[in-house]
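Student: Each chain, written out:
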Amino acid sequence: ILNVEQSPQSLHVQEGDSTNFTCSFPSSNFYALHWYRWETAKSPEALFVMTLNGDEKKKGRISATLNTKEGYSYLYIKGSQPEDSATYLCAFTAAGNKLTFGGGTRVLVKP
Amino acid sequence: DTGVSQDPRHKITKRGQNVTFRCDPISEHNRLYWYRQTLGQGPEFLTYFQNEAQLEKSRLLSDRFSAERPKGSFSTLEIQRTEQGDSAMYLCASSPVGILNTGELFFGEGSRLTVL
Numbered sequence: 222i223l224n225v226e227q228s229p230q231s232l233h234v235q236e237g238d239s240t241n242f243t244c245s246f247p248s249s250n251f252y253a254l255h256w257y258r259w260e261t262a263k264s265p266e267a268l269f270v271m272t273l274n275g276d277e278k279k280k281g282r283i284s285a286t287l288n289t290k291e292g293y294s295y296l297y298i299k300g301s302q303p304e305d306s307a308t309y310l311c312a313f314t315a316a317g318n319k320l321t322f323g324g325g326t327r328v329l330v331k332p
Numbered sequence: 005d006t007g008v009s010q011d012p013r014h015k016i017t018k019r020g021q022n023v024t025f026r027c028d029p030i031s032e033h034n035r036l037y038w039y040r041q042t043l044g045q046g047p048e049f050l051t052y053f054q055n056e057a058q059l060e061k062s063r064l065l066s067d068r069f070s071a072e073r074p075k076g077s078f079s080t081l082e083i084q085r086t087e088q089g090d091s092a093m094y095l096c097a098s099s100p101v102g103i104l105n106t107g108e109l110f111f112g113e114g115s116r117l118t119v120l
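Just so you know, the sequences run in chain order A and B.
Residues in the first sequence are numbered consecutively from 222, following my numbering.
Residues in the second sequence are numbered consecutively from 5, following my numbering.
Warning: the hint list may mix true and false statements.
Result set (DSBU-like, lysine-lysine): computed pairs, CA atoms no more than 35 Å apart in a straight line [unchecked claim]:
1. B:LYS15 to A:LYS263
2. A:LYS263 to A:LYS280
3. A:LYS263 to B:LYS61
4. A:LYS263 to B:LYS75
5. B:LYS18 to A:LYS263
6. A:LYS290 to B:LYS61
Pairwise CB distance ranges (calculated) [unchecked claim]:
7. B:GLU82 to A:LEU223: 21 to 31 Å
8. A:PRO229 to B:ILE16: 42 to 52 Å
9. A:ASP238 to B:ASP67: 41 to 51 Å
10. A:GLU236 to B:GLY20: 17 to 27 Å
11. B:GLN45 to A:SER249: 18 to 28 Å
12. B:GLY89 to A:PRO332: 31 to 41 Å
13. A:LEU329 to B:ARG13: 16 to 26 Å
14. A:ASN250 to B:ARG63: 15 to 25 Å
15. B:SER62 to A:ASN250: 14 to 24 Å
16. B:ARG13 to A:PRO332: 26 to 36 Å
17. A:ASN288 to B:PRO12: 40 to 50 Å
18. B:ARG85 to A:LYS280: 41 to 51 Å
19. B:ASP67 to A:ASP276: 16 to 26 Å
20. A:PRO332 to B:GLY7: 24 to 34 Å
These aren't lab readings, by the way, just hints derived from the structure by calculation.
Remember, it's a predicted structure, so these values are computed and weren't measured experimentally.
In this text, a Cβ means the ideal position worked out from N, Cα and C, and glycines have one as well.
Just chain A, same shape as in the assembly (with noise of 0.2 Å):
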């Protein structure tokens, strides 16, 4: 069984601020990772699919960096919008098949 694990589980950001939360995965037999944005009502979409290590992956004010060998990677957030308020989901691949989630971290940007 795979663990991905996502740290926190939610945050609360004040509008403006910056801010990371990170995604553990098992280092062996990695394949990619990829990072989803999901707000309410809406279908996951995805944001970046990361596959070598050191990668760093930018989008706006999006970015994500991957260290396969450690196993983790985090996502930040800079100059936080209400429009950012979604649960942010990793994914985990091994064999390119089926991808393995993590429990999210729901972010709310306040006003």
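Given the coordinates of chain A, assemble chain B onto it according to the supplied hints.
Tutor: Chain B in isolation, oriented as in the chain A frame:
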């Protein structure tokens, strides 16, 4: 085709009844996945298909659950003799297979099941 669609979006049923959910994936996607998500948890893998073949089914999945994808296009997930513990959001996702495949899943908006 604008995305993955699921039907119904919401289903309330009494314990012991059977329910069926339908998923229409993005038309050119070969793979189709079913996940279940309960409050406070991440999506839990149930099963996936490549074309019409069911390639993997979670060991945690009860025999009351069955999924089909008879023509390699839409899929159905049936739960027989529902229990209150089956209450969850059932998510469907699809992905292409091949050189352009990044492994990214394209999700539907889910079917929320409430078992009374």
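Student: Could you work out which of the previously given hints the structure breaks and list their numbers from low to high?
Tutor: Per hint list: 8, 10, 19 violated.
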